[in-house]
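Novice: If you want the building blocks of each chain, they are given just below.
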Amino acid sequence: MQALPNEKVGWGWTVARLPLLILVISVLLPYYWMAIGSFKTVPELVQQPPTFIVENPTLQNFHDPGFKEGENRPGHWAGVMQRQTDGKGFLHYYANSLVITLFVTALSLLAASLVAFVLTKRPFPGSRFLFYMLLASMMVPWEVTIIPNFIMVTDLGWIDSYKALMVPGLAKAFVVFYFRQMMLSIPNDLIDAATMDGAGTFRIWWSVVLPLTRPGLAAIGIPVAIAEWNNFLWPLLVINDSAHMTLPLMLGKLAGNLTYDPQSAGVLMAASMAVSLPAIAAFLVFQKQFIDGLTTGALKG
Amino acid sequence: MSTAPTRPSSDSTERPTSGTPRDSRLLVFLRKHGANILLISPFLALFAVFSIWPVFRSAYLSFTDYHATEAPVWIGLDNYVELFADERFYRALGNTVTYMLVVSLLAVVLGLVLALSFGTQKRWHQWIRIAFFLPSVAGGVGVISVWKWLANSEPYGLFNTIRSWFGLDPVRFLGDPAWAQPLLIALAVWTVMGYNLVIFVAGMRSIPGDLYEAAALDGASPVQRFFHITLPQLRPTLLYVLITGMIGSFQVFYEPYILFGTVDAIGGPLDSALMLVTYLFDHGFHQLNLGYASAVAWVLTTILFALTMINMRLGRANEGA
Chain E
100 MQALPNEKVG WGWTVARLPL LILVISVLLP YYWMAIGSFK TVPELVQQPP
150 TFIVENPTLQ NFHDPGFKEG ENRPGHWAGV MQRQTDGKGF LHYYANSLVI
200 TLFVTALSLL AASLVAFVLT KRPFPGSRFL FYMLLASMMV PWEVTIIPNF
250 IMVTDLGWID SYKALMVPGL AKAFVVFYFR QMMLSIPNDL IDAATMDGAG
300 TFRIWWSVVL PLTRPGLAAI GIPVAIAEWN NFLWPLLVIN DSAHMTLPLM
350 LGKLAGNLTY DPQSAGVLMA ASMAVSLPAI AAFLVFQKQF IDGLTTGALK
400 G
Chain B
137 MSTAPTRPSS DSTERPTSGT PRDSRLLVFL RKHGANILLI SPFLALFAVF
187 SIWPVFRSAY LSFTDYHATE APVWIGLDNY VELFADERFY RALGNTVTYM
237 LVVSLLAVVL GLVLALSFGT QKRWHQWIRI AFFLPSVAGG VGVISVWKWL
287 ANSEPYGLFN TIRSWFGLDP VRFLGDPAWA QPLLIALAVW TVMGYNLVIF
337 VAGMRSIPGD LYEAAALDGA SPVQRFFHIT LPQLRPTLLY VLITGMIGSF
387 QVFYEPYILF GTVDAIGGPL DSALMLVTYL FDHGFHQLNL GYASAVAWVL
437 TTILFALTMI NMRLGRANEG A
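Line by line, the protein sequences give chains E and B.
Just so we're aligned: the first sequence equals residues 100 to 400 in my numbering.
Just so we're aligned: the second sequence equals residues 137 to 457 in my numbering.
Hints in this document: simulated from the structure, not taken from any laboratory.
A portion of the hints provided could be inaccurate.
[To be verified] FRET-style restraints, in silico, Cβ to Cβ: (1) Asp214(B) / Pro118(E): 52 to 62 Å; (2) Ala350(B) / Leu128(E): 36 to 46 Å; (3) Leu174(B) / Arg313(E): 41 to 51 Å; (4) Leu117(E) / Leu237(B): 27 to 37 Å; (5) Ala342(E) / Leu162(B): 29 to 39 Å; (6) Ala181(B) / Leu128(E): 45 to 55 Å; (7) Lys262(E) / Thr256(B): 44 to 54 Å; (8) Ile124(E) / Leu406(B): 48 to 58 Å.
Glycine is no exception: its CB is placed at the ideal position from the N, C-alpha and C atoms.
Assemble the whole structure, with the sequences as input and the hints as a guide.
Specialist: Take a look at the structure:
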């Protein structure tokens, strides 16, 4: 089972591996089914047996030119782009998700990096206690904080606002912890030299520490961004209106429709495609960064 | 942010030479650390408001009757008493524990098998690993929605089509209590096995090669080498994957919510897919019984904590052996 690199592996072992290729297919199959489903017409979606290669590819699930709001035309369907409430549609939700993801990722990373820098290189009485508080907070599961935070956001009058989506997630303790580990390896001499040159804390952080920890920004930024892009439960609690809706919320709604309306599958697949495709594309381009980022902690701890 | 002071300055106070008796300790402290603390104070404020304070508030709420409309009323341990008497809670606990154990064991075993099979630097092995890793990157609600479509109860649903190839009758995957748990487990294993694969490959690569060479010289077979070198050397990685996997699957929410969640049946058919977090969600945000839901959150936290402790103890005990 554990062969050496230069060791001949018997053909038996190669054959034994074949069933695993079925697993490979099964991993990709949902993505394939999603991709072809999004281009199928309604009759083809519910055809039996289903087609594995699209016979009549259509863009109806994304945008159906024959669809008219408020008119019932047989065979025509509101595509993903046409599913609108209060004039806000898919592109609006897309922009919401994108802006929130970028904003929260960028700001939470910068803030955490600055905090990690002060804690490691500019300690003050109480900074050790603060660090332990950060560590302790990482052991509290989110189920504990979500109820008081929901009450807090309600009391602040932030329901149905971008603030509710962005602000509570900005102070991320685990990112501070991650950067702290990185900064411990920055030599103090470097910081001292910059201090001698008259640079203050913020200046040193911005022009010395931040560039030095750039690989770390990418590594931790990817999982933070993915989690933010997929965030579903919190928006579900604090957003009820269409103006602030995000993509996962819209998907959740469409998936809810599927329960009693199997014919909406094409639209759901189209929406899933539009949401997954950017992540898949980014992953294929930056494979190494994604894998390093998402497995961070597994091999160092 | 860029306007923050760049050096410890004390504009508001005069600047006595250090060590002057007039210097109060506070002033010295502020001069030395004030600007630094000011820099991180926005983070600290948010951290205190959204991460620390909620812990205390949640603990308090768990001892109250609170429905969001009127002020919380202290009821002592009533929530916990009610919780431990609720049959539905045990249902959720049982489902969650089964789910957690099966998912984390299957995902670890499959991850190991895959790592042994596709762990080399060969180009096609790398591509296979990338394929398996895909759900970790492009997962979430989108892909769970796709699974909901795959598991469609009609004969044209993909899973039912595959069943028909083997001569099996279509099944109502989302409506039959017997199928809820297997479906959720399959989805979770599908999501996480590639992640485990990648971690195990990295872990195996860090095992010194001479260990294997020495063992091979002594005539150890590949199977022996796996059990006597790879597995023991991989123990920390295995333990990490197992603990994080268990903690993650214990808190499962999105999958049952998207697959089964409607307001009237959040637990799926006959509560067969009711998990602890969906149970919490049901009480907290459907029935707005926020005190009770807080108690659920603390019970869940206690179980998670105990789980982590047991795992770590086990890991340490094994190390000594």
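Novice: Please go over all the hints and tell whether each is borne out by the structure.
Specialist: To see whether the hints hold, each was checked on the structure:
Remark: the range hint 52 to 62 Å for aspartate 214(B) to proline 118(E) is upheld by a beta-carbon distance near 54 Å. Checking the proposed 36 to 46 Å range against alanine 350(B) and leucine 128(E) shows it holds: the Cβ atoms sit about 43 Å from each other. For leucine 174(B) and arginine 313(E), the Cβ-Cβ distance of about 26 Å falls outside the hinted range of 41 to 51 Å, so the restraint is violated. Taken as a hint, the range 27 to 37 Å holds for the pair leucine 117(E) and leucine 237(B), whose Cβ atoms sit roughly 29 Å apart.
Between alanine 342(E) and leucine 162(B) the beta carbons are some 48 Å apart, a value that contradicts the proposed interval 29 to 39 Å. The supplied range of 45 to 55 Å is met by alanine 181(B) and leucine 128(E), whose beta-carbon atoms lie about 48 Å from each other. Checking the proposed 44 to 54 Å range against lysine 262(E) and threonine 256(B) shows it holds: the Cβ atoms sit about 50 Å from each other. About 33 Å separates the C-beta atoms of isoleucine 124(E) and leucine 406(B), a value inconsistent with the hinted range of 48 to 58 Å.
The structure does not agree with the numbered hints 3, 5, 8 stated previously, though it agrees with the rest.
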